[in-house]
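Novice: Fit chain W to the given chain U structure using the hints.
Chains U and W, in that order, are what the protein sequence lines are. Numbering (my numbering) for the first sequence: 1 to 135. Numbering (my numbering) for the second sequence: 1 to 230.
Read the hints as simulated data drawn from the structure, not as lab findings. Values in this document were obtained by computation on a predicted structure and should not be read as measured data. Glycine included, each C-beta is placed from N, C-alpha and C at the ideal position. One thing to keep in mind: the hints can contain errors.
Per the computed footprint, the stretches of chain U lying under chain W, defined by three or more beta-carbons under 8 Å from a beta-carbon of chain W, are [claimed, not checked]: (1) 21-32; (2) 48-61; (3) 120-130.
Here are some, though not all, of the chain W residues that point toward chain U, as calculated from beta-carbon distances under 10 Å [claimed, not checked]: (4) V17; (5) S25; (6) S38; (7) L41; (8) L47; (9) E50; (10) K154; (11) R157; (12) E189; (13) L191.
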Amino acid sequence: MAQVKVLIVDDEIEFANTLAERLNIRGFETTACFCTEDALALIHAKDFPDVVLLDLKMPRMDGMEALNEIKKYNPFIEVILLTGHGAGLPLASVGNNKHGAFDCVMKPADINELTAKINQAMARRQANLNKGDDE
Amino acid sequence: MTPRSKERLRELQLAFVGKLMASLSHEFKNHLAIIRESSGLIEDLLLLEEQGQTSDRERYKKIISVIGERVAQAAEMCRFLSGFAHRMDQPLSSLSVTDVLQEEIYLLHRFARQKQVDLVSSFAENVPAIFNDPALLQFAVFCIVWPALQGLEKDSRIEIAVGRQNGAVEIVVNLEGTRKEPEGTSPWEELLPEVLHMLGAAFSRRIGADGNEVMAVTISSIKPSDLSDT
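Here chain U stands alone, though its shape is the one from the complex:
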């Protein structure tokens, strides 16, 4: 089975790099980006990845704006939002439909919880792609 490609987007460089390394150890193919603009450029250039881990609060273009752009470009890319906001706030601001995001995870996140979410997001992506093929 092909490796799941994960793009981590967070302006906390140490966080993004360390998380990328930990996910690599767990068998994911990871790339870290430190701003949404670079992440979008990468997505456009390489038609990549399967799943994006996207920090909500970033300078210039924030996570929500980037989420909209990603979904506009390719609705099959699954996005998991990461946030350091207090409990309840992210889901309230993201809304019940999460603006197309697969889920919202609070920082600091448990690596096992995060890998489970990535796998679930990947399963949804696969199901959506298969549905697309059928239609």
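Specialist: Chain W alone, transformed into the frame defined by chain U:
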């Protein structure tokens, strides 16, 4: 001060504290997230060693150093936060304006970073201590800086300077950069004159020769009896 103004002051002071708490708790979680991932990475690497991968002591040292740095940064944040919280212990006290503003500028840095605005301080030496309300002074400065921060374009600069002015202390806020025309007066700016009156402070606003907007607050000691009408 009218009952409505008092109510407004209470509301906005709470909003000020709330904004700082939200921002700092967010920043604190970032430190915790890095500490968690870094310690998790050590666990992962130890597990890989048990499975036969060679040990890399330098790698461990680097990760441990990241953890140490983040703990130090989080501890510094707590120190400033604790100082800020204790400013409210007594409504009036002897205070160093530079200490009070250094603390506030530290706490406001995250907002400035998010807006990509450079927030810097320039404090003269030997600024006299004054007897006044430190928490209210921090609020007054917030009433000036916050609307500016909302209006300034990215790559702008806010300089907060403190100096001596005929026995009093002058705080000068210099805005360098393009400021979007506000749609109206913000509630912070609306309340500012009354707050400055409570502090016994004078305020001026001008456009400097370089086109920058410059706001100055001159503050000195206040007698407790001066607060009787507030």
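Novice: Are S25 of chain W and chain U close enough, Cβ to Cβ, to be under 10 Å, as the hint says?
Specialist: Holds, about 7 Å.
Novice: Does the CB of E189 of chain W sit less than 10 Å away from some CB of chain U?
Specialist: violated, 25 Å
Novice: Does the CB of L47 of chain W sit less than 10 Å away from some CB of chain U?
Specialist: L47 of chain W check passes; min Cβ-Cβ to chain U is 8 Å, inside 10 Å.
Novice: Take the segment 120-130 of chain U, compare each residue's beta carbon with every beta carbon of chain W, and decide whether three or more fall closer than 8 Å.
Specialist: violated (count 0)
Novice: Tell me if V17 of chain W is really an interface residue toward chain U, meaning its C-beta lies closer than 10 Å to one of theirs.
Specialist: With Cβ-Cβ at 15 Å, over 10 Å, it is violated.
Novice: Would the stated hint for S38 of chain W survive a check requiring a Cβ distance to chain U of less than 10 Å?
Specialist: holds, 6 Å
Novice: Have a go at the E50 of chain W hint: is there a Cβ in chain U nearer than 10 Å to its own Cβ?
Specialist: violated, 13 Å
Novice: At a Cβ distance under 8 Å, does chain W reach at least three residues of the segment 21-32 of chain U?
Specialist: holds (count 3)
Novice: Hint validation: R157 of chain W versus chain U, beta carbon distance must be below 10 Å. Holds or violated?
Specialist: With a minimum Cβ separation of about 16 Å from chain U (threshold 10 Å), the hint on R157 of chain W is violated.
Novice: Would the hint on L191 of chain W be counted as holding, given a Cβ-Cβ threshold of 10 Å to chain U?
Specialist: violated, 27 Å
Novice: Interface hint check: K154 of chain W, Cβ to nearest Cβ on chain U, cutoff 10 Å. Holds or violated?
Specialist: holds, 7 Å
Novice: Can L41 of chain W be said to touch chain U, with a Cβ gap under 10 Å?
Specialist: holds, 5 Å
Checked against the numbered hints above, the structure breaks hints 3, 4, 9, 11, 12, 13 and satisfies the rest.
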